[in-house]
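As given, the protein sequences belong to chains A and B, one line each in that order. Residue numbers for the first sequence follow the numbering used here, so the first one is 97 and each next one is one higher. Residue numbers for the second sequence follow the numbering used here, so the first one is 97 and each next one is one higher.
Please note: incorrect hints may appear among the correct ones.
One copy or any two copies: either way a pair holds, since identical chains are not told apart in the list.
Said to hold, decoys possible - Okay, derived cross-link-like pairs now, BS3-like style, lysine-lysine, Cα gap no bigger than 30 Å in a straight line:
hint, residue 1, residue 2
1, 356, 235
2, 325, 356
3, 265, 168
4, 221, 325
5, 356, 221
6, 265, 325
7, 140, 309
8, 310, 250
9, 265, 510
10, 309, 221
Everything labelled a hint here was simulated from the structure, so no lab data went into it.
There are 2 protein chains.
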Amino acid sequence: MSERIHATYWLETGVDPRTAAETIAGEQSSGTFIALPNETPELKARSGARVERLEVLDHSEAPSLAGGAESKCYTQCTLELSWPIENFGPSLPNLMSTIAGNLFELRQVSGLRLTGLRLPDSFAKAYPGPAFGIEGTRKLSGVQHGPLIGTIIKPSVGLSPHETAEQVKALVAGGIDFIKDDELQADGSHCPFDERVRAVMRVVNDHAERTGKKVMVAFNVTGDLDQMKRRHDLVLEQGGTCVMAVLNSIGLVGMHELRKHSQLPIHAHRAGWGYLTRSEALGWDYAPWQMLWRLAGADHLHVNGLRNKFSESDESVIAAARAVLSPVMESAPLTAMPVFSSGQTGLQAADTYAAIGCADLIHTAGGGIFGHPGGVAAGVEALREAWVAAMEGVPLARHAERSPALKAALEFWK
Amino acid sequence: MSERIHATYWLETGVDPRTAAETIAGEQSSGTFIALPNETPELKARSGARVERLEVLDHSEAPSLAGGAESKCYTQCTLELSWPIENFGPSLPNLMSTIAGNLFELRQVSGLRLTGLRLPDSFAKAYPGPAFGIEGTRKLSGVQHGPLIGTIIKPSVGLSPHETAEQVKALVAGGIDFIKDDELQADGSHCPFDERVRAVMRVVNDHAERTGKKVMVAFNVTGDLDQMKRRHDLVLEQGGTCVMAVLNSIGLVGMHELRKHSQLPIHAHRAGWGYLTRSEALGWDYAPWQMLWRLAGADHLHVNGLRNKFSESDESVIAAARAVLSPVMESAPLTAMPVFSSGQTGLQAADTYAAIGCADLIHTAGGGIFGHPGGVAAGVEALREAWVAAMEGVPLARHAERSPALKAALEFWK
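Isolated chain A (complex conformation) (with noise of 0.2 Å):
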C-alpha cells in the first residue's frame, strides 16, 4: 500500500463543514474551485488528498477571522487530511507547501490551524535528522544527568568580543555548562563574529585545559549558506562544540544545507515563532513545526519555559517540550533536546521535570543566575540544586538545607 501523509488541524468554518474540508482537500491536491473535466474519478483517487477524519466540535455566532464566507454559525472541528507520497516524495519544502500552503487564505475557512502531523517512513530516509541529538549533546558538554544549564550573552547585542569574553570567563569560572548568543548578535560591526568566536573561544579552551570541561557555546551563525559555513568553520577550528540558527530567518533549505555541513550539534532557535502561532485561530501548534525541522537537523529546539515572561501558557509549554522528546516516527525517533528559557529559576525546575518526566533539556536563566547574591558560581550552584531536588522529589526548601547557594538563591527567587 502506498506512504500517505497525515496531517491534523482544527477548521473553522462558516459553511457546511463536510464541504469545507472536501475544498481543503481539493484546493491541496488535485482540485481547484471550478470542476474540471479532467479531474477524473481515477485521477481524483489516486491523487487527491482524502478527508480521514472530522470531527464537530462547537459552533459559535461570530468568525475567528475575517474575510471568509459570511454565515450565521460557525462551525469548529477536527479535520484530518491524508495525501499520497506519490503526489511530491518525500521532500521537506513540498511537504511545507501541501500541508501548510494555499488553504488558509479560503474563504471556507474562518480559522485554520495545523496540530499534527504524521509521516511515512520514506522521510526518514531522506533526512538524517539530529546528528548530536541528547546523546551527542551530553557527550560533547560532558553533562551525563540532569539538565545542562544555561544562560545567554546579556545585553544581546552592543557588547564587543572583549566584553563579550569577560562575560563568559565570569561564567565558565562559575561552572555553567551552556552558554548561547542571543539571536540578534550576528556578525555586527562592532561585534564581528571571528573576533567574538576566537576570544570567548580562548576563555573556553583555557578553562577546558585547566579543568577538563568544555562549556557549550552555542554561537549564532545565521546568516547567508557560504557565511555559516565558514562561521561554523572557525567554531570547529576554535574547538568549539556548537552552532546556533535563527529557523524562521534561514528556511528549510538553509537549515538541511546547515546540517549536511555541520560537525557540530545545531542549536535551533524558534524567533519569529510567535506570528506563526499567537492568534489561536491561524498558523501552526508546536508539534508539527518542530518535527519538520528535526527532520531537517535540530538538535536543540526551543520550548519558552514555564511561567514565562512572554505570552505563552504553561499547558502549551509542556505541550511542545513533550513534542520534542517525542519520536518523529516509530523508525525513525530523531530525538532533540528542549531548551527551556525567559524569565527562568530553580522555582521551575520541579514542576518542569514533573511535566516532561525527564531532565534531557536544557534550562537558562539569565537573571536566576546573575542576580545570585553569591555571585555567578553560586547562581549556577542553586539551579543545578534545584534540578536534584526536583529529580530527587525533595522540596526545595527542604533541599536547601543542604546547599547555601541554593538557600540564598529562594531568597530572591521569585
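On the provided structure of chain A, position chain B as indicated by the hints.
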C-alpha cells in the same frame, strides 16, 4: 552618520503605549525584561533600537490576541522603530530575526503586525535582487506590451508528464504567453520533474521553432538545494525560460542560493502566505515581506487578484501589487513583476490597470480561458483583448464589438 533600518508596526497593547514601545525596542536590541547593569547609556545609545514614532490610533475594551497583559483598555498605535546597521550588518536572515523575531510573543503586546520597512543602501550592495525583473521577463517571453497572459496547469497534481504536455500543447497553440506548474506539483513519482520538463519543453520548443514565440513556463523547482540546482539546470538545458520556487517552503537562504545559481527568472510563489497575514492583528503586511524576497532575487511575485476566490480584499491585493512595483530603495529599485491569479477573467483587467497604473504584470486565468466556448485560443484572445480595452480606456462591451472572442467571453465570464 550610521545607516539605520526602519520598521513600522501596527501595535495593540494593554499597557502604556510608550512602555510597550520601549519594551519592544529593548527586546529586539540591547534590553531584556530585567534591568542589566552592563546595559550602559553608551551601549544603549550605540546599539539600542530607537522609538522613532508612536501615534495612538484608537482604543478598545478587548484584546485582539490572547495571552497578553490584562487590561481594561487596549490601545492601537503606529510604531516605528529603527536599528543601527552595526547591530547585525546587511544580512537578510539577521534582518528577519531583528524586525520579526521574539517581539510578537511579548506580554505587553495584544496585537502586532509589521507594516513597513525601509532599508539602507548597504542591503542593495549585499544582495543582487531580481536578475530579470520586468524587462528581462518581457525579453524572454517576447511580450513587449501589455500583461503576459498566463495560466496554471490543472489539475494541480495527478496528470502524467504526457498529459501535462498535452495540456501545454493546447495552450501554446492557443497563443498563451505564460504557463506555470501548480505549487503542489514538484517531483512526485507519478509526474517526475525531469520527464515533465522534457515532455513540456518538446512542445514549447516545437512551437517556438514554427512560430518564433517561446512560451514561458515556470517549472516548480522547489526542493532541497541540490535538487533545485539540478532541476534549474535541466530546465535551462531544455531551453526553458523560467523556474518557480515556493518562498515559505525554501526560506531566505534557499532563495538566495537559487538566485546565485539561476540563469533564469525566478517565479516566486507565496503559498503559506495566509498563515503569515490572515489574522489582522498579527504577522505581516505584504509590503515589507515581499521586499525581503525581492532583495533575495524574486523576479515575479504573487499578489492574488481582484475579486479573487480567496479571503483577501481588493484593497489588500492592490496594496500588494503596488508594493511589488515600487522601488525597494531609491538607489536600487529591484522592481519585480506582480502575478495576478485566482478567479481571474478579462472582467478584472480594467480595474487592475486602473489600480496599478501599468500593465507590467502576469495575469493568469484558468476557467476564464479554458471555459471559453470557442476553445483555448479564443479564451486567450479574449483576455488579451480585455487588456487592450483596459489600456485604451475603452469600455469592454464596446471593445467586444471589434473582437468576437471577447464578445463570446462576456457571455460566460462572471
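Each hint, compared with the structure:
1. 356 x 235: within (21 Å within a copy, 38 Å between copies)
2. 325 x 356: Result: close both inside a copy and across copies, 10 Å intra and 16 Å inter.
3. 265 x 168: Classified as neither: same-chain Cα gap 63 Å, cross-chain 46 Å, threshold 30 Å.
4. 221 x 325: both (24 Å within a copy, 21 Å between copies)
5. 356 x 221: both (14 Å within a copy, 29 Å between copies)
6. 265 x 325: This pair counts as within: shortest intra-copy Cα distance 27 Å, inter-copy 44 Å.
7. 140 x 309: neither (60 Å within a copy, 34 Å between copies)
8. 310 x 250: Within. Shortest intra-copy distance 21 Å satisfies the 30 Å Cα cut-off; inter-copy 57 Å does not.
9. 265 x 510: within (27 Å within a copy, 71 Å between copies)
10. 309 x 221: Close neither inside one copy (36 Å) nor across copies (43 Å); limit 30 Å.
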